[in-house]
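Visitor: Based on the provided sequences and hints, a complete structural model is requested.
Protein chains: 2
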Amino acid sequence: MEGNLEALFRPKSIAVIGASEKPGKIGYAIMRNLVEYGYEGKIYPVNIKGVEIEINGRKFKSYKSILDVPDEVDMAVIVVPAKFVPQVVEEAGKKGVKVLPIISSGFGELGEEGKKVERQIVETAHRYGMRILGPNIFGVVYTPAKMNATFGPTDVMPGNLALISQSGALGIALMGWTILEKVGLSAVVSVGNKSDIDDADLLEFFKTDDNTKAILIYMEGVKDGRRFMEVAREVSKEKPIIIIKAGRSERGAKAAASHTGSLAGADKIYEAAFKQSGVLRALTIGEAFDWARTLSNLPEPEGENVVILTNGGGIGVMATDAAEEEGLHLYDDLEDLKVFANHMPPFGSYKNPVDLTGMAGAEAYEGAVRDALANPNMHSIAVLYCQTAVLDPRDLAKIVIREYNESGRKKPLVVAIVGGIEAKEAIDMLNEEGIPAYPEPERAIKSLAALYRWSNWKARQKKE
Amino acid sequence: MEGNLEALFRPKSIAVIGASEKPGKIGYAIMRNLVEYGYEGKIYPVNIKGVEIEINGRKFKSYKSILDVPDEVDMAVIVVPAKFVPQVVEEAGKKGVKVLPIISSGFGELGEEGKKVERQIVETAHRYGMRILGPNIFGVVYTPAKMNATFGPTDVMPGNLALISQSGALGIALMGWTILEKVGLSAVVSVGNKSDIDDADLLEFFKTDDNTKAILIYMEGVKDGRRFMEVAREVSKEKPIIIIKAGRSERGAKAAASHTGSLAGADKIYEAAFKQSGVLRALTIGEAFDWARTLSNLPEPEGENVVILTNGGGIGVMATDAAEEEGLHLYDDLEDLKVFANHMPPFGSYKNPVDLTGMAGAEAYEGAVRDALANPNMHSIAVLYCQTAVLDPRDLAKIVIREYNESGRKKPLVVAIVGGIEAKEAIDMLNEEGIPAYPEPERAIKSLAALYRWSNWKARQKKE
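Protein chains in written order, with the UniProt record's numbering: chain V, 1 to 464; chain P, 1 to 464.
Quick caveat, the hints were computed from the structure, so don't treat them as lab data.
Bear in mind the structure is a predicted one, so any value in this text is a computation, not a measurement.
Among the clues, some could well be false.
Copies of the same chain look alike in the list, so a pair counts if it works inside one copy or between any two.
[Claimed, not checked] Distance condition first, Cα-Cα at most 27 Å in a straight line; then the derived DSSO-like pairs of lysine-lysine:
1. Lys-83 with Lys-64
2. Lys-424 with Lys-182
3. Lys-351 with Lys-254
Guide: Okay, here's the thing in structure tokens:
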């Protein structure tokens, strides 16, 4: 059934079982997201009353049963109440469906009785060679296929990060957050009760998925810890995995236990296993996405030498503090660094951090960024900018985008811009182009450090 | 000359010496900000050519010398080139001006020669009983007087935080940032070369300023460290002081030394002195403003019991982790906490963190927030919300604003909302009303912890 994950992300046709004509219903929201996000395969609504469903003027005839659909169906999204799910799964099996995201809740999360039904559904599915995602999920998104089969926000920004969430509520909130914050996604997967498809299965899919460069998991617990860690370790050798797992503190772990039924006190075991598997554990949502921006967009560095370019002494010092705390190596060769003297007034400093001074305009940044990109001894670049009247931050963004593209994007480059609304716009412009940009110097440096941590772990694995 | 600081923040009349009729010039930008931000005192442009200056259709006759102004002048903002400054200061003295923000650069920051001129200017000023702010600054803002005498952004949001910046470039960028991020300010002061008025003088003013509840300083170094620390300690007993001082790491300190001429290696001394003086040292700009939101808006807690209300188990656990790491005490009395069972379905949890569940709507939050505010044993409240379809985050914001106002704002309350554009709008609504709101649970908890840290330090001082 390995191939069925392919059907989860690139289905040629999708049935929505429990589709609704009423805005406000989940069975309508999924239809609407499929249509509005531009899914190009066939969409077959299934509704017991056979109602007509209209989305943005486009009319869909619905079928009373999936067995009535006059075509092959790769994926069937199930939205009917829990008590009808076993029968619907049976019918989907007869139809030859490959994968079943089950949105419906009311199973294992309610207790033993629900868990039993859940196991029966999985047995039925496996008898027909089908895989199940969920139940108790908000759906699945795969941006390369223009498929948004969720009842979450519509306009997911395409990119290279795969997001997996065990929590439905937080997962939907994070989808909205990625749109607001311009984080590009390849996929969003709500795993819910993980009755069948689990994190390890998804990691294996994303390992070889060309559209995914990094994976971010919000996790409350895993069922088969050993397998997860083995798979995570293999995947980490190819692509970085970032995990948010709350419950580090004693009281936090207790609260998590009552919330998810996972073992309290197990956090230290997770921590050790993550480290061994090359998994990057982020302590907060913000940190996870900060790292993800850099890890899903940038190439690995070819060496340890980092160069910091700045127009503000203060933010240069802040970045230097962060770099030293994170164990990054600031490039030191003054003969090489001297090239930056061409782009600054006499009171600037070409010692790393390179202070182009508050007078630095478009030409200074253009020249300095170009020189840093061109020098093979400078392996990673952090471009910092403190908004001044000399250079509109949006113009700086354009310069960085152009220079980075022209250089072929061969080395990591991160940006931090401190300022007001124009700075925010510049940051958005850069992130939309896949150049990680942040409103604070430390966040840029720490994200670059996360890339180095993963890259260094990988290098150590190869030696062993 | 103590009273002259009053003239820096509440001048009855302002002269702009070096005012310009040309948009793009600093001497124009300051005139424009004064007019557009609504300063209600008299404005007298001084321009050697006596040009007419038009701002938004309002025409200002300019005077060729400040001595020609037919009125008393409390404050004269000086924008003329460095070489004319000594003469202008002399004339301002003759005119009886009280305080001189000197925007002009080209003094001590250039070296010994400039320092000499700087000292002469200060001598002249003191001879006439005047005080000098700067030189090499971007100006001063005092929102209660609707005065924006800077060439930075115009629309500073009024509030209770005084911001002092030694760096001009970063200070202007941070002004823009506060507008974007809805941080309310009482004052912005650019101190530049600190030839006369320094951080300690300003702290003494803000100590008794009713419009200021907290002070945030971006500092690169201080000249008279002993006096600063003494004053900071006294002020901290009344109002919290947050300081950002870069240069913690060895290399960062070296870079700072070359940038500002301050001593490298002195950071440990600063660190110890800050601690002793009750100063809260923030490690990043973001952290500083996170704390400032809470410290400038909320009352002190009357006890250690913190209650966390959430609709998402996951963010509740994250907040609990942060609370435990920061040494906050989560309230534990189940008899008292049981009241929250009224606002949740049976599978919710009234154990702190209180999980209202993903089904929590307006009524659940309204009831829970009201009960938490009413219970005298619950000393501080963190309201967390993970955006769901059940409750629009903006409606949650309205509920929290109403309940907090009706309770009389007697205990600390912080909010975190995770989600997309509506969540961001809700966060902005809360911050505009002076209720600290953040996009991540940990940031809310850490800010509350900063309030506790300061409050506990204060309590210890009283015992000694």
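Visitor: Evaluate each hint against the coordinates.
Guide: Verification of the hints:
1. Lys-83 with Lys-64: Result: close within a single copy only, 17 Å intra versus 88 Å inter.
2. Lys-424 with Lys-182: both (11 Å within a copy, 14 Å between copies)
3. Lys-351 with Lys-254: between (50 Å within a copy, 10 Å between copies)
Comparing the model with each earlier hint shows no violations; every hint is respected.
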